[in-house]
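Participant: The listed protein sequences derive, respectively, from chains C and E. Position 597 of the first sequence, counting from 1, maps to 597 under the UniProt record's numbering, and the rest follow consecutively. Position 533 of the second sequence, counting from 1, maps to 533 under the UniProt record's numbering, and the rest follow consecutively.
Because the hints were derived from the structure by calculation, they are not lab data. Using N, Cα and C, we set each Cβ at its ideal position, and we do this for glycine too. It is possible that part of the hints are untrue.
What the hints assert, rightly or not - Derived DEER-like restraints, expressed as beta-carbon distance ranges:
| id | chain 1 | residue 1 | chain 2 | residue 2 | range |
| --- | --- | --- | --- | --- | --- |
| 1 | E | Lys631 | C | Ala496 | 33 to 39 Å |
| 2 | C | Leu368 | E | Leu43 | 31 to 37 Å |
| 3 | C | Ala496 | E | Ser63 | 39 to 45 Å |
| 4 | C | Ala496 | E | Lys345 | 51 to 57 Å |
| 5 | C | Gln46 | E | Leu43 | 50 to 56 Å |
| 6 | E | Ser36 | C | Leu35 | 46 to 52 Å |
| 7 | E | Ser56 | C | Ala496 | 29 to 35 Å |
| 8 | C | Gln46 | E | Ile296 | 53 to 59 Å |
| 9 | C | Gly510 | E | Ala194 | 19 to 25 Å |
What the hints assert, rightly or not - List time: in silico EDC-like cross-link candidates among lysine to aspartate or glutamate, alpha-carbon distance up to 16 Å:
| id | chain 1 | residue 1 | chain 2 | residue 2 |
| --- | --- | --- | --- | --- |
| 10 | C | Lys609 | C | Glu568 |
| 11 | E | Lys466 | C | Glu568 |
| 12 | C | Lys619 | E | Asp39 |
Number of protein chains: 2
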Amino acid sequence: MALSAIESFKVEDHVLVDTEKNTIQEHSETSKWVLSAPDPPTLWHQIVVSVRNTISHYQQWCSSLRGQHRAKVMLSFLTAIFPILDWSHSYTVTKFRNDLLAGLTIASLCIPQSIGYATLAKLDPEYGLYTSVVPPLIYAVMGTSREIAIGPVAVVSLLLSSMIQKLIDPVADPIGYRKFVFTATLFAGIFQAAFGLLRLGFFVDFLSHAAIVGFMAGAAIIIGLQQLKGLFGINHFTNHTDIISVMKSVWESVHHPWNPRNFVLGCSFFIFILLTRLLGKRNRKLYWLPAISPLISVILATVIVFVTRADKSGVNIVKHIKGGLNPISMDQIELNSPHVGALAKIGLVVAIVALTESVSVGRSFASLKGYHLDGNKEMVSLGFMNIIGSFTSCYVATGSFSRTVVNFTAGCETLMSNIVMAVTVIISLLCLTKLLYFTPTAILASIILSALPGLIDINEGYKIWKTDKVDFLACIGAFFGVMFVSVEIGLLVAVAISFMKIIMLSIGPGIETLGKLPGTNMFCDVHQYPMAIKIPGVAIVRIKSSMLCFSNANSITERVTKWITEEEAEGKRSIIQLVIIDASNLVSIDTSGIASLEKLHKNLVSSGKQLAIANPRWKVIYKLKTTNFVKRIGGRVFLTVGEAVESKLDF
Amino acid sequence: MALSAIESFKVEDHVLVDTEKNTIQEHSETSKWVLSAPDPPTLWHQIVVSVRNTISHYQQWCSSLRGQHRAKVMLSFLTAIFPILDWSHSYTVTKFRNDLLAGLTIASLCIPQSIGYATLAKLDPEYGLYTSVVPPLIYAVMGTSREIAIGPVAVVSLLLSSMIQKLIDPVADPIGYRKFVFTATLFAGIFQAAFGLLRLGFFVDFLSHAAIVGFMAGAAIIIGLQQLKGLFGINHFTNHTDIISVMKSVWESVHHPWNPRNFVLGCSFFIFILLTRLLGKRNRKLYWLPAISPLISVILATVIVFVTRADKSGVNIVKHIKGGLNPISMDQIELNSPHVGALAKIGLVVAIVALTESVSVGRSFASLKGYHLDGNKEMVSLGFMNIIGSFTSCYVATGSFSRTVVNFTAGCETLMSNIVMAVTVIISLLCLTKLLYFTPTAILASIILSALPGLIDINEGYKIWKTDKVDFLACIGAFFGVMFVSVEIGLLVAVAISFMKIIMLSIGPGIETLGKLPGTNMFCDVHQYPMAIKIPGVAIVRIKSSMLCFSNANSITERVTKWITEEEAEGKRSIIQLVIIDASNLVSIDTSGIASLEKLHKNLVSSGKQLAIANPRWKVIYKLKTTNFVKRIGGRVFLTVGEAVESKLDF
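All chains, please: the whole structure from these sequences, using the hints.
Facilitator: Shown next as structure tokens:
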């Protein structure tokens with residue numbers, strides 16, 4: 001009853017307004033253009049088009065093959081799935097020489113890193129090596145990037161272990177934990193492939209650039225802290241990843257008798273790696289030195305421990321690494337577990353983080369070499385790689401920042417370098433695992449530590465601070481979230497701040513006053529262009545948002561009213577007779593927006609002013625027409641602000 | 001290492017581009033205007049201004065009083081807080097006659113409704129009456145609306161009980177439950193007053209119009225279902241509010257022996273009330289009939305039960321209502337309870353819903369009578385009213401839809417009608433509570449039922465469907481959420497869908513192609529204006545969003561690239577040499593947005609095309625300048641698209 005009664009009053013009132021004003025405005029030719037625009041596509045139509053585009057992407061591709069020889073169709077089909085069939089045609093011996101060199105270089109970096117990252121993922125060392133075999137091989141035949149080096153990466157390893165160990169204890173039940181890891185890997189692969197197949201590439205864009213910078217820096221510090229365990233040879237270490245728990249854990253272990261040998265060994269090789277990197281930077285010809293220095297460190301340290309039998313005096317060593325190729329793990333995937341929902345969620349988070357790292361590094365190098373990387377095809381390749389990985393004892397692999405740079409610097413030509421790397425790891429798995437028995441864990445810690453500075457990009461952080469303060473807030477929000485709470489919370493904070501910014505921009509947008517630029521017919525913001533001249537008797541406002549909707553409609557119309565009152569109070573020559581809303585940047589308007597415009601119009605009419613709309617866009621003019629708002633303002637809709645101003649002469 | 005390496009490659013590349021192109025563009029006068037705009041206010045500056053505005057609102061008011069006589073200052077101060085001091089000066093006997101009539105009319109509606117709503121809030125009937133005494137009196141001296149009728153309302157009563165009974169059982173521990181109700185009321189009042197004092201009126205706008213329509217309709221149905229308890233005389237009724245639990249409860253009670261007398265009594269008076277409403281609508285002179293018919297029903301039904309002693313044969317009656325004025329309840333407020341956090345949350349939700357109802361109904365009538373309602377002052381008044389209410393045994397009161405309409409129709413002039421109503425309720429509390437002993441509960445149920453149709457606004461729902469499909473989704477989301485899950489979930493769904501829409505509009509915005517309108521210098525969307533002509537060799541695009549940010553930057557630049565390829569593939573006369581981005585509707589750009597523009601520029605340069613920006617806004621041009629993007633595109637920034645097109649002749 002209540003609403004309908006109010007409604008009935010409103011309607012009567014409007015009828016009055018309509019009959020009064022309807023005849024004032026004679027439509028000019030251009031106004032007719034505005035008012036007679038064809039109807040914009042409906043939401044339903046847009047959804048249909050979007051789905052049809054996704055389907056037609058595949059249809060087009062199919063139809064382009066029709067009428068051709070069956071073998072050719074098959075080949076074309078296979079080439080689309082496996083780009084290797086395409087580039088292997090033009091593969092030459094020179095290219096192979098370059099790829100061989102690059103492949104061996106990244107293999108020497110990859111082996112110690114893989115073992116270290118497996119520890120970070122709370123898995124046995126061999127699982128890191130397994131992850132450097134199958135995924136690179138799959139990616140080599142499916143991927144479209146030429147530089148990405150595939151394998152386990154630090155952030156994903158940490159994320160996976162920190163999330164799964166909330167479901168199961170990796171120390172008490174290592175087999176169950178491994179099963180969960182493979183299941184999460186399968187889910188991550190399925191999500192990645194699904195994003196690609198459904199062409200949902202924009203999911204990766206949910207993490208803003210600023211959020212990634214902050215998240216990576218925070219994760220690097222957390223990963224560094226985790227290495228204190230290996231570096232100090234601490235046996236009882238916390239399961240939490242935040243800085244406070246870790247520092248407490250380190251502090252407590254200092255009170256116990258501890259062995260400084262681990263620390264000395266780790267630190268000296270850490271310094272060695274940093275020195276080789278410095279040398280590599282000074283002299284471009286020595287680029288291979290920083291790349292192979294981790295392997296040299298491993299060999300040297302292992303020899304030292306073996307010769308001195310330092311393991312007996314307290315130096316922690318890797319001990320047994322299971323040799324042999326990847327065992328099949330298909331039977332270890334637990335889809336009937338009660339935790340399957342939680343594992344799917346973990347898979348989703350890990351999938352997005354892994355995609356972000358890989359796609360962003362891939363795109364950077366693609367644009368350096370000047371070719372286009374198809375985001376959706378990339379996701380499908382990474383997804384399949386992880387699905388098959390989960391069946392062959394691998395955990396989530398992705399494109400690694402550090403190894404991709406080394407691969408590029410070493411002069412890789414194609415994905416063949418990944419194949420070379422995988423073959424090298426296979427050989428190590430078959431023959432060399434026994435040799436790693438005496439490798440001290442402190443060395444692995446120092447190798448991981450040496451890879452971390454690349455993840456902390458202070459310059460970029462400063463650039464973000466200079467460009468956009470809210471972006472910077474998302475950046476440090478992610479950074480502190482990761483450091484002080486947990487990896488997931490850090491991610492969540494970053495995503496939340498980023499979206500909050502979008503919402504804040506739409507809620508509190510304010511308005512701009514427009515003035516005429518001298519000598520032109522342009523109307524621009526008087527604050528941006530101080531030379532712009534306000535037209536006497538006319539108030540021209542523009543809304544600083546693309547939406548006039550429930551969240552800002554009331555405050556915007558109130559501001560317009562207030563601003564007009566202020567303008568008139570300032571004692572201008574003439575009182576305002578015409579209020580023009582420049583709607584050129586309004587992309588959409590909702591029911592609340594139209595209601596508030598109606599209220600504004602009514603208030604203006606009651607004080608003898610007129611309302612006009614200039615340059616409304618497609619959907620806006622359509623809605624203003626269907627809700628009869630155009631009629632209510634006496635058809636005062638114009639193509640440009642200039643024409644609207646001229647219309648003032650008519651009354 | 002990784003990122004910095006990529007960065008160093010990028011920088012070298014850009015230096016190359018810069019030196020190549022820097023000299024191409026001679027800046028025209030208007031381009032200089034664009035490039036030499038003053039720096040826009042920083043975020044920090046904006047925050048300072050916003051805080052200063054809030055403070056200066058009070059300062060201005062204080063300084064306007066400075067230098068005046070102390071008594072005058074005091075009076076002015078008091079008038080600002082208590083508008084009654086203002087309007088009581090010009091109060092006349094004629095006005096009082098009208099207010100007296102309106103006050104008595106709403107009192108006759110208010111007494112049975114208050115008792116019914118108290119039952120809905122799971123409180124004893126007298127608490128409903130208490131809530132119709134103190135809050136209207138406080139609002140009468142502080143409020144700025146002239147029509148709002150204050151008191152308990154159905155939706156707030158339901159919301160309060162459905163949320164608090166999750167913390168405590170109202171049947172097992174009615175005293176503890178009441179304490180929680182008063183505490184939540186205090187919090188609601190504090191939040192409302194704080195919103196007003198801090199000028200955070202936009203908080204109320206978080207509930208979109210569409211969401212409110214859906215929520216109210218769902219709540220009306222839920223409230224109606226709750227009345228089945230009274231109407232059927234069911235003793236064991238579910239505590240859940242969703243439709244399934246309630247229908248199950250009703251179904252089970254039908255299997256037990258039940259007393260049809262309650263139902264017959266309730267239904268017959270329900271029909272009576274509806275008939276009087278019909279009469280009132282037909283004949284405007286009989287407007288008082290539907291307003292007092294609830295009171296007539298109560299009196300008639302009470303007499304019938306008293307005479308026939310039907311309560312002995314199973315008709316449920318109200319029984320004892322405690323007489324006397326509001327007892328003090330300050331000692332019953334539990335700020336040390338472990339549930340205090342939960343109660344504060346309940347207070348916040350209830351505060352927003354109550355404000356929404358009151359402010360929207362107040363604004364509707366204010367705009368009908370042509371005066372402005374200050375949203376912030378309203379919130380302060382409603383807040384204080386509830387704070388003092390919580391000290392005097394009242395639960396959350398707000399402006400009631402149905403009684404405000406009756407108040408307006410009855411010809412109220414000022415808030416005096418609320419005072420008359422409160423005095424009438426006081427008299428009833430002092431003298432008449434004993435007479436209500438035999439009032440059948442079925443009558444109260446039928447009175448509440450008769451007030452519900454006004455909350456269901458099918459016309460408005462249809463209008464929303466016609467205007468905006470996503471808005472409609474928020475509307476039915478709220479409706480079904482309330483009906484099938486719970487009141488809070490319904491609200492949450494509505495808010496979530498509304499914000500999701502904002503985010504979706506920013507994520508998947510797409511681009512528009514612009515063409516020149518014949519005979520003008522305007523460039524518009526070629527789909528909106530089919531007569532627009534594309535310029536050969538030039539591609540002009542506009543982004544359908546006010547933000548180029550992390551969530552859409554990649555997809556937009558990819559679309560631009562794809563669209564250019566398609567345009568060239570279609571066999572146009574000339575290949576595209578210049579790509580113009582019309583940035584006139586871009587309000588903000590973030591680091592991801594700039595990064596993607598840089599990538600786009602690089603791709604275009606590599607295929608021999610140029611990129612130009614037309615009409616960038618304040619913050620956008622500032623950021624493009626500070627990040628050196630303007631330099632990178634050779635200063636190709638123009639005031640209008642037309643000038644950008646003309647610049648093509650230069651190269």
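Participant: Now look at each hint and say whether the structure bears it out.
Facilitator: Here's how the hints hold up against the structure:
1. Restraint check, E/Lys631 to C/Ala496: a C-beta distance of roughly 35 Å satisfies the suggested window 33 to 39 Å.
2. The supplied range of 31 to 37 Å is met by C/Leu368 and E/Leu43, whose beta-carbon atoms lie about 33 Å from each other.
3. The beta-carbon spacing between C/Ala496 and E/Ser63, approximately 41 Å, falls within the hinted interval of 39 to 45 Å.
4. Between C/Ala496 and E/Lys345, the C-beta spacing of about 19 Å breaks the proposed range 51 to 57 Å.
5. At roughly 35 Å, the beta carbons of C/Gln46 and E/Leu43 sit outside the given window of 50 to 56 Å.
6. For E/Ser36 and C/Leu35, the Cβ-Cβ distance of about 38 Å falls outside the hinted range of 46 to 52 Å, so the restraint is violated.
7. The hint said 29 to 35 Å for the Cβ distance between E/Ser56 and C/Ala496, and at roughly 32 Å that hint holds.
8. Hint check: C/Gln46 to E/Ile296, Cβ distance near 55 Å, so the stated range 53 to 59 Å holds.
9. Hint check: C/Gly510 to E/Ala194, Cβ distance near 23 Å, so the stated range 19 to 25 Å holds.
10. A distance of roughly 12 Å separates the Cα atoms of C/Lys609 and C/Glu568; the hinted pair therefore holds under the 16 Å criterion.
11. Restraint check for E/Lys466 and C/Glu568: the C-alpha separation of about 38 Å exceeds 16 Å, so the hint is violated.
12. Distance hint between C/Lys619 and E/Asp39 is unfulfilled; the C-alpha atoms sit about 33 Å from each other, more than 16 Å.
When held up to the earlier numbered hints, the structure conflicts with 4, 5, 6, 11, 12 and fits the remainder.
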